[in-house]
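Chains as they are written, first to last, in this note's numbering: chain A, 1 to 327; chain B, 1 to 222.
Since the hints were made in silico from the structure, they are not lab data.
Incorrect hints may have been included.
Unchecked claim - Pair by pair, the computed Cβ-Cβ distance ranges are:
| # | chain 1 | residue 1 | chain 2 | residue 2 | range |
| --- | --- | --- | --- | --- | --- |
| 1 | B | 203 | A | 238 | 30 to 36 Å |
| 2 | B | 23 | A | 220 | 32 to 38 Å |
| 3 | A | 20 | B | 188 | 26 to 32 Å |
| 4 | A | 305 | B | 217 | 46 to 52 Å |
| 5 | A | 225 | B | 112 | 54 to 60 Å |
| 6 | B | 98 | A | 319 | 32 to 38 Å |
| 7 | A | 321 | B | 65 | 17 to 23 Å |
| 8 | B | 106 | A | 87 | 53 to 59 Å |
| 9 | A | 312 | B | 203 | 36 to 42 Å |
| 10 | B | 153 | A | 179 | 51 to 57 Å |
| 11 | B | 112 | A | 153 | 21 to 27 Å |
| 12 | B | 45 | A | 219 | 36 to 42 Å |
| 13 | B | 97 | A | 99 | 52 to 58 Å |
Computed from a predicted structure; not experimentally measured.
C-beta atoms are modelled at their ideal positions from N, C-alpha and C, and glycine is treated no differently.
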Amino acid sequence: MIVVDRAPPYLTVQDAGRFGYRSSGVPPAGAMDQWSLAMANVYAGNRRNAAALEWAVGGGALRFKHETIIGLAGAEIDASIGDRPVQSPGPFVIRAGEELNVRALTARRFLYLAFRGGIECPVVLGSRSTYLPASFGGVEGRRLRSGDVIRSRAMALPQKHSTHGGLRQSAGEPDYNAATVRVIPRSEDAADQRHSGARDAAGDPELFARFVEQPYTVSAASDRMGYRLESAQPLTGVRASITSEPVCAGTIQLTPSGQPIVLMADAPTIGGYRIVGTVISCDLPIVAQCLPGITLQFERVSVETAHALLEQSERALLSILTASARA
Amino acid sequence: MSAAELQFLSLGDSAITVVVGDGISRERSADVTRLTRAVTNAKIDGVLDVVPSYASFAVYYDPRRLGHEMITNGLRETIALAGERSASVAAADTQGKTIRIPTRYDGEDLADVAVKTGLSRDRIVELHSSPEYRVYVIGFVPGFAYLGELDEALVLARRATPRKRVPAGSVAIAEAQTGIYPFATPGGWHLIGTTQVSMFDVAAPDPALLRVGDTVIFEPID
Chain A
1 MIVVDRAPPY
11 LTVQDAGRFG
21 YRSSGVPPAG
31 AMDQWSLAMA
41 NVYAGNRRNA
51 AALEWAVGGG
61 ALRFKHETII
71 GLAGAEIDAS
81 IGDRPVQSPG
91 PFVIRAGEEL
101 NVRALTARRF
111 LYLAFRGGIE
121 CPVVLGSRST
131 YLPASFGGVE
141 GRRLRSGDVI
151 RSRAMALPQK
161 HSTHGGLRQS
171 AGEPDYNAAT
181 VRVIPRSEDA
191 ADQRHSGARD
201 AAGDPELFAR
211 FVEQPYTVSA
221 ASDRMGYRLE
231 SAQPLTGVRA
241 SITSEPVCAG
251 TIQLTPSGQP
261 IVLMADAPTI
271 GGYRIVGTVI
281 SCDLPIVAQC
291 LPGITLQFER
301 VSVETAHALL
311 EQSERALLSI
321 LTASARA
Chain B
1 MSAAELQFLS
11 LGDSAITVVV
21 GDGISRERSA
31 DVTRLTRAVT
41 NAKIDGVLDV
51 VPSYASFAVY
61 YDPRRLGHEM
71 ITNGLRETIA
81 LAGERSASVA
91 AADTQGKTIR
101 IPTRYDGEDL
111 ADVAVKTGLS
121 RDRIVELHSS
131 PEYRVYVIGF
141 VPGFAYLGEL
151 DEALVLARRA
161 TPRKRVPAGS
171 VAIAEAQTGI
181 YPFATPGGWH
191 LIGTTQVSMF
201 DVAAPDPALL
211 RVGDTVIFEP
221 ID
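This is chain B alone, in the form it adopts within the complex:
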């Protein structure tokens, strides 16, 4: 991945989106994670935030301190440097931590999901707790991680009517993704379980439990 293969798009006058590719895949996400870390670690003066998504990332900067050319040149340089490093170093760079989430499969929508998928409760638990999920994106609310990929047999469209309030700690599924609600918020995903694990702690220096590139495993508990 060299700087020449990337597309730089402005996101207003205080951010730049770097497009790495299209669509959702582990390979693409690994590229994004590697470049995001390289830019973050470069600690470019005037850069406020570096935010990864599925196939792109954004670099937010203070336009009072960084001009348009300075920021794009700085990014190109950093990305070129990152591209020169060996593939093994790159692989190590995208390796996140593995977090286990003890989960009680007692979600309000479990029965409904069983009807819609034609699967038994036990089979749903088995299919949901088997994969090692990758954190693709953090968003929606602080600490909300979009985890993929969900087993095809569990793929359902979002609920037709979103709930006004989903309790914090709800483990939920929608389309090919699963996630955990860090706060009580509105939500349209199917609730299949609950966890006591705190996903976001405002008092911690690194407030979100998960980062893009981490691995998550759900562990069924009674």
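Just chain A, with the same shape it has in the complex:
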């Protein structure tokens, strides 16, 4: 059992997401940074998609009623367990009665905190992820507050567990310092295109070319639903409103102001703005970790390349899993 001594401004339970209910209007939700969720779980000795805490905006403290291993990943932190400093990423043993005190998130946006044994909260529509807009999942469908109790199965610690933190960086891991994010243009056909009747849905190669020409700054108007982007030259002269279409996390839409928005984990399943393209799965964690004010440039990539990159990232995760199991 874990007690929230002092809740940070934002703290929710998230896992890999909720699938199979999009046709009922239920977005996947889930961790904004799926790579860091997996890493935190690997450190804690859990399945990669187990439920963990997603922590943002400010500091807070958790008290552990039983001994466990915690896995930290994602944001960099100024933190300690008792008087021992801890860093992210890494695994740490925490003893019964000790407090994890996170004074501040010092770089990036979301910290993931996994406990060995996972988090016990009800599975709603196949997932433990908190979906705030409709108040379900996680703990009562809401942010955690001071005084809340998080249930976790107490599990015996392994005889030997590496608590040396930082597994070695390898190819296939997201580069959180990357200034360029890869996007599959809407005009990238998934198959040969014989009819060009549906102009609303079809891609606009010229729009994409203009889109990648300039850098964008992540706006303060960004949350789990989407990150608004700002550029020096709004992409005007294009009809932004279209007949609504299915969208997903990573989809970049053009709003009527000519500024784009990147849809994120909690975005509605259907959107009525023109689709410019979609950020590839491997690079979505990089976007998710951008704080307002960070500047990004976008570049074109094909579906085939995106799939090859995803395979590489899977291999990287597998090798980390293997290394962690051996440690």
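Following the hints, position chain B against chain A.
Frame of chain A, contents of chain B only:
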């Protein structure tokens, strides 16, 4: 509708949008519904979700299990098979259920809608509760159904300033559509009534009351 008439567009590396046509019409929506059901029923391994919209649908897949070619070929095959079936079977496929929504016409914006449309309260109720609406799309929030078409006399632009919180169960109109808010959420539609019917139940195996292709009838109650 054969596979050759459709347009396949990528929606990132984990989804494909199949474009069936343009615009909003019952005929187009019926085509989308039929194809969506065919793809859903094909239970292609690695397909996570199939989501219909007005003139297109998206197939979400796990790229770790399904390659680019596998998914497009699988979709083409399924759609070709669906196209071979007789028109009568196709019609039966798009037939949804009919749901009656007992509605108290006591919405906060009813007086305002009367002023803007120049209609009496009784006439608004009559016009809103007469049609058999089709569920075109589910989205915005879980279980929110976009129903059409609203009588032309009731067509109004969305409110200039959206409300920060619309109560759950609000029956509302905007442009040529009507809908019911399943949750208390922000919203820009005109509130004309309320219903006790639960639109979304997380504990149910099929959580949304309505599906695309269903028919909805509003029944005025006092």
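(Q) 46 to 52 Å was suggested as the range; check whether the CB atoms of residue 305(A) and residue 217(B) agree with it. (A) holds (50 Å)
Q) Honestly, do residue 98(B) and residue 319(A) meet the 32 to 38 Å range at C-beta? A) Given range 32 to 38 Å: violated, Cβ gap about 55 Å.
Q. Could one say that the CB atoms of residue 106(B) and residue 87(A) fall in the range 53 to 59 Å?
A. holds (58 Å)
Q | Cβ distance range 21 to 27 Å for residue 112(B) and residue 153(A), holds or violated | A | The hinted range 21 to 27 Å is violated for residue 112(B) and residue 153(A), with Cβ atoms some 54 Å apart.
Q: Mind checking the hinted window 51 to 57 Å against the Cβ distance between residue 153(B) and residue 179(A)?
A: Holds - the Cβ-Cβ distance for residue 153(B) and residue 179(A), about 54 Å, lies within 51 to 57 Å.
Q: Look at the Cβ atoms of residue 321(A) and residue 65(B) and judge whether their distance stays inside 17 to 23 Å.
A: Holds: the Cβ-Cβ distance is about 18 Å, inside 17 to 23 Å.
Q: Can you let me know if the beta-carbon spacing of residue 45(B) and residue 219(A) is within 36 to 42 Å?
A: holds (40 Å)
(Q) A range of 36 to 42 Å was offered for this pair. Does it hold for the Cβ distance of residue 312(A) and residue 203(B)? (A) holds (41 Å)
**Q.** Range hint compliance [Cβ, residue 225(A) to residue 112(B), 54 to 60 Å]
**A.** At roughly 29 Å between Cβ atoms, residue 112(B) and residue 225(A) fall outside 54 to 60 Å, so the hint is violated.
**Q.** residue 203(B) versus residue 238(A) beta-carbon gap, inside 30 to 36 Å or not
**A.** violated (44 Å)
Q) Does the Cβ-Cβ separation between residue 23(B) and residue 220(A) fall within 32 to 38 Å? A) Hint holds: Cβ distance 36 Å, inside 32 to 38 Å.
Q | Satisfaction of the hinted span 26 to 32 Å by the C-beta atoms belonging to residue 20(A) and residue 188(B) | A | holds (30 Å)
Consistency with the previously given hints fails for numbers 1, 5, 6 and 11, ordered from lowest to highest.
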